[in-house]
Amino acid sequence: MKLQDLAERLGCRLEGDGSIEINRVAGIEQAGSGDLTFVANPKYLGLAETTQASAVILAPDDIVPRASFAILRADNPYYAFAQALRLFVTPSSPPKGIDRLSAIAPTATIGPDASIGPFVVIGDGATIGARAVVYPHAVIGAGATIGDDCVLHARVSIRERVQLGNRVVVLDGAVIGSDGFGFARDSRGEHLKIPQGADVVIEDDVEIGANSTVDRPAVGETRIRKGTKIDNLVHIAHGVQIGERVLLAAQVGIAGSTVVEDDVMMGGQVGVTGHVHIGKGAMFSAKTGVTGNVDAGVLMSGYPALLNIEWRKSQVLVRHLPKLKKRVAELEQRIAELEEKLAECRTRLDV
Amino acid sequence: MKLQDLAERLGCRLEGDGSIEINRVAGIEQAGSGDLTFVANPKYLGLAETTQASAVILAPDDIVPRASFAILRADNPYYAFAQALRLFVTPSSPPKGIDRLSAIAPTATIGPDASIGPFVVIGDGATIGARAVVYPHAVIGAGATIGDDCVLHARVSIRERVQLGNRVVVLDGAVIGSDGFGFARDSRGEHLKIPQGADVVIEDDVEIGANSTVDRPAVGETRIRKGTKIDNLVHIAHGVQIGERVLLAAQVGIAGSTVVEDDVMMGGQVGVTGHVHIGKGAMFSAKTGVTGNVDAGVLMSGYPALLNIEWRKSQVLVRHLPKLKKRVAELEQRIAELEEKLAECRTRLDV
Amino acid sequence: MKLQDLAERLGCRLEGDGSIEINRVAGIEQAGSGDLTFVANPKYLGLAETTQASAVILAPDDIVPRASFAILRADNPYYAFAQALRLFVTPSSPPKGIDRLSAIAPTATIGPDASIGPFVVIGDGATIGARAVVYPHAVIGAGATIGDDCVLHARVSIRERVQLGNRVVVLDGAVIGSDGFGFARDSRGEHLKIPQGADVVIEDDVEIGANSTVDRPAVGETRIRKGTKIDNLVHIAHGVQIGERVLLAAQVGIAGSTVVEDDVMMGGQVGVTGHVHIGKGAMFSAKTGVTGNVDAGVLMSGYPALLNIEWRKSQVLVRHLPKLKKRVAELEQRIAELEEKLAECRTRLDV
Chain C
312 MKLQDLAERL GCRLEGDGSI EINRVAGIEQ AGSGDLTFVA NPKYLGLAET TQASAVILAP
372 DDIVPRASFA ILRADNPYYA FAQALRLFVT PSSPPKGIDR LSAIAPTATI GPDASIGPFV
432 VIGDGATIGA RAVVYPHAVI GAGATIGDDC VLHARVSIRE RVQLGNRVVV LDGAVIGSDG
492 FGFARDSRGE HLKIPQGADV VIEDDVEIGA NSTVDRPAVG ETRIRKGTKI DNLVHIAHGV
552 QIGERVLLAA QVGIAGSTVV EDDVMMGGQV GVTGHVHIGK GAMFSAKTGV TGNVDAGVLM
612 SGYPALLNIE WRKSQVLVRH LPKLKKRVAE LEQRIAELEE KLAECRTRLD V
Chain W
312 MKLQDLAERL GCRLEGDGSI EINRVAGIEQ AGSGDLTFVA NPKYLGLAET TQASAVILAP
372 DDIVPRASFA ILRADNPYYA FAQALRLFVT PSSPPKGIDR LSAIAPTATI GPDASIGPFV
432 VIGDGATIGA RAVVYPHAVI GAGATIGDDC VLHARVSIRE RVQLGNRVVV LDGAVIGSDG
492 FGFARDSRGE HLKIPQGADV VIEDDVEIGA NSTVDRPAVG ETRIRKGTKI DNLVHIAHGV
552 QIGERVLLAA QVGIAGSTVV EDDVMMGGQV GVTGHVHIGK GAMFSAKTGV TGNVDAGVLM
612 SGYPALLNIE WRKSQVLVRH LPKLKKRVAE LEQRIAELEE KLAECRTRLD V
Chain V
312 MKLQDLAERL GCRLEGDGSI EINRVAGIEQ AGSGDLTFVA NPKYLGLAET TQASAVILAP
372 DDIVPRASFA ILRADNPYYA FAQALRLFVT PSSPPKGIDR LSAIAPTATI GPDASIGPFV
432 VIGDGATIGA RAVVYPHAVI GAGATIGDDC VLHARVSIRE RVQLGNRVVV LDGAVIGSDG
492 FGFARDSRGE HLKIPQGADV VIEDDVEIGA NSTVDRPAVG ETRIRKGTKI DNLVHIAHGV
552 QIGERVLLAA QVGIAGSTVV EDDVMMGGQV GVTGHVHIGK GAMFSAKTGV TGNVDAGVLM
612 SGYPALLNIE WRKSQVLVRH LPKLKKRVAE LEQRIAELEE KLAECRTRLD V
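Residue numbers (this note's numbering), protein chains in the order written: chain C, 312 to 662; chain W, 312 to 662; chain V, 312 to 662.
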């Protein structure tokens with residue numbers, strides 16, 4: 312594609328030779344002739360000075376001395392990079408139709424132009440939307456609903472009666488609708504299983520990472536709302552409600568019945584206790600442990616979670632505790648001396 | 312079911328109209344006419360005032376002003392709720408018999424009334440108990456033993472020679488009997504794999520969550536005892552011994568050769584180091600990191616793990632470190648002043 | 312095998328009766344007559360006094376009073392134990408050849424003496440090396456390369472174009488080459504998926520644990536170098552580079568684009584943030600949270616990660632914060648008294 316055309320399609324301002332042919336989008340260190348790359352974070356601008364790329368997406372004010380490449384100016388370079396990649400990368404699309412090695416219940420409904428791979432199992436009364444792609448070994452339970460344009464990668468479990476909206480992506484090995492962890496203790500301390508038979512709803516445009524798990528509850532529902540993206544090995548417990556456009560990084564765990572509002576972002580390995588409420592747009596550093604309700608819009612860190620600014624202060628002080636202890640010991644020494652000397656004075660004064 | 316009949320089957324005392332027809336067990340906020348719900352924790356009693364449920368399970372002393380519903384009094388409302396759900400929820404049961412799309416070794420033994428789904432693989436000499444349900448894509452290794460009434464959900468791996476007792480439930484994608492993480496370092500720093508070929512035993516009534524992993528050791532055995540329940544994405548390393556009725560929440564990890572006694576409870580994301588002993592009934596807050604032996608019956612928190620009461624105290628103090636630091640700075644200031652003033656006195660007194 | 316022969320094959324010095332027949336390698340507490348066991352850590356030497364084993368591998372200077380067994384002296388007893396186990400344990404080897412219930416693309420290449428189990432899927436143009444063992448339900452994407460002598464356990468996903476070297480072991484349910492977690496936010500806060508289509512390379516002799524996930528990046532590559540061993544439920548994000556002979560324990564998570572140099576060791580549940588550099592041979596206690604670059608060779612602990620020696624000091628002080636707070640309160644009391652008494656003196660002296 313000519314750089315000029317690319318600039319138009321990305322809505323970028325072009326600086327340099329628009330007739331260059333761009334063949335690929337590449338990382339700034341791997342890029343060579345014919346490649347487009349980008350700088351999204353000013354701290355990596357230095358890498359642009361030595362890149363071999365033919366063109367670089369930069370922010371409006373980014374300056375690269377002695378730039379040997381054409382420039383595409385974008386207000387949001389990362390977004391322009393994402394768009395460029397979408398122009399160049401053609402997602403692999405397995406053949407449409409139903410592989411003869413699959414096991415589809417006669418009562419299941421498969422939408423037009425869907426692709427069903429080998430060894431896929433689809434249960435009684437399940438519905439697969441138009442153009443959905445179901446990779447090998449996916450297991451879709453009875454009565455499950457898979458929307459249009461969904462992509463279910465290899466070996467996912469979509470359990471019975473789970474509902475997926477349109478354009479939902481589920482990566483390899485993820486499990487949606489497994490039994491929530493619910494047991495009632497009897498008088499002898501034995502655990503009686505509480506049947507977990509209620510609903511799981513995954514709304515439009517959600518992505519769920521490899522080997523992640525989303526449990527179903529005994530009553531009520533587990534719901535993940537529109538546009539939320541979940542990384543690998545994440546655990547969403549029974550009855551959890553996740554809002555729209557939420558981002559959950561890898562290995563996050565959210566315990567039962569917790570409500571996470573829209574636009575929340577959690578770093579990797581964050582844990583949230585059950586039955587709490589996380590306000591809209593709250594953010595959590597990696598490994599944060601959340602033990603209570605959290606207000607909208609705040610940044611939390613540590614375990615137990617504190618406001619990031621407080622947590623940082625207290626962590627600096629924890630690191631400096633040896634100094635503080637030394638200061639206290641010195642004070643004790645100085646006070647002992649003062650007490651002795653004062654006693655001497657008082658003796659002299661006879662008080 | 313008539314509420315009167317339900318009260319009898321649950322062993323509850325009925326207050327109100329026993330002739331009401333109950334059709335469903337529901338959450339207190341979703342419940343409507345014809346539904347039974349429950350309050351297990353007094354802090355949710357307020358929700359009962361506005362519920363639309365026809366009947367509510369309450370503890371003997373729970374009081375709901377202006378209750379518009381019939382009441383079932385239970386000593387343990389959560390347990391009664393579990394029992395009620397078990398009366399109303401009929402677990403889906405796939406057809407008995409062996410699906411023709413499975414791959415069963417001729418030397419495997421399948422018990423009466425077992426259900427073997429499509430694409431299940433059962434290895435040489437494996438044994439499947441009576442009435443066991445094996446969902447699609449389960450892979451059962453050579454010589455494995457699956458007890459009566461077990462339920463193996465889709466895509467579990469039960470590796471060779473693993474032994475499962477009766478009524479064991481394994482959720483989707485879990486792996487039992489994978490190689491423990493054991494390597495010996497040679498003089499050049501290379502890691503030589505130690506073959507992990509010893510036993511894994513899962514006793515009666517254990518449940519293992521989706522995508523959890525239980526490793527086998529090189530020597531000895533990994534064992535999970537009767538009635539223990541394990542949530543999703545939990546890692547049990549090689550040679551670990553887990554007692555009876557233990558509860559492990561999601562994303563817990565237990566390192567090699569550690570012994571966990573009966574009735575232990577661990578919150579989500581707890582980690583326990585290898586070769587330690589966790590006493591009977593010990594409890595662990597979510598995210599606790601256990602680095603040594605733990606006495607029976609204690610509640611531990613934090614990393615490194617402390618008794619919860621000590622951990623809470625020290626965490627409050629950590630949060631107040633800025634204050635403490637300020638107090639120390641004030642003391643330093645006051646002492647400097649004292650020293651100066653005292654010096655003046657001493658000059659006057661000529662000491 | 313005669314103990315004398317075993318001693319020669321392991322390169323150990325024999326003390327005792329070399330004509331003993333050894334049938335098995337066992338744990339020190341389970342070992343009986345005819346068994347060989349070992350003591351690798353002097354703290355378990357006490358167990359040797361009561362073992363029923365016929366022979367024990369010990370370090371050159373280990374002393375066991377009243378030893379009732381023959382001794383094999385090894386400079387590295389753990390390594391000798393590993394070698395011994397490899398002599399006694401014959402790994403199960405499924406039949407060579409391609410199971411008739413697999414789905415192999417006609418354009419795929421299967422090396423000589425490979426074993427392809429039932430329900431395996433191999434995509435267009437994929438290559439499987441000589442003697443590779445592919446267990447049931449493995450899904451190998453189009454254009455993937457699997458080297459010689461690899462072992463892919465049941466239900467792994469090796470995604471399209473992923474490259475595995477020779478002798479790579481992938482345990483059950485692991486996913487290699489899933490989409491990295493990459494989204495660009497548009498002006499309305501919606502997340503646009505960045506196609507993740509670049510390479511994943513797993514070099515020779517790597518082992519990847521059960522249900523672990525290794526993501527592919529949008530550009531560049533994700534690479535795990537020779538001889539690295541990764542435990543269960545580990546997450547390796549897109550664009551991560553892992554060096555040679557690295558050990559990552561269970562539930563570790565490494566965020567995008569981070570570089571981990573050779574010989575690094577991480578305990579369980581360690582988390583490493585993205586875009587940082589971990590120096591050669593650095594070690595990390597379990598649960599450490601790494602938020603920045605780490606120098607070669609250091610031992611880090613805690614969150615945020617500190618040098619272990621500093622972390623230990625500060626943790627002891629955290630535990631003793633109640634004492635420190637009491638000392639400060641006492642100082643305040645003593646200073647108040649001093650101030651009062653000094654004021655009295657100063658009044659007398661009229662200063």
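Don't take each hint at face value.
Note: identical chains are not told apart, hence a pair may lie in one copy or across any two.
Unchecked claim - Computed list of lysine-lysine pairs in DSS-like fashion (alpha-carbon distance at most 25 Å, straight line): (1) LYS537 with LYS313; (2) LYS537 with LYS591; (3) LYS504 with LYS591; (4) LYS591 with LYS652; (5) LYS407 with LYS504; (6) LYS624 with LYS637; (7) LYS504 with LYS537; (8) LYS504 with LYS313.
Hints are computed from structural coordinates only; laboratory data are not their basis.
* Asked: Okay, which hints does this one fail, numbers in order?
  -> Per hint list: 1, 4 violated.
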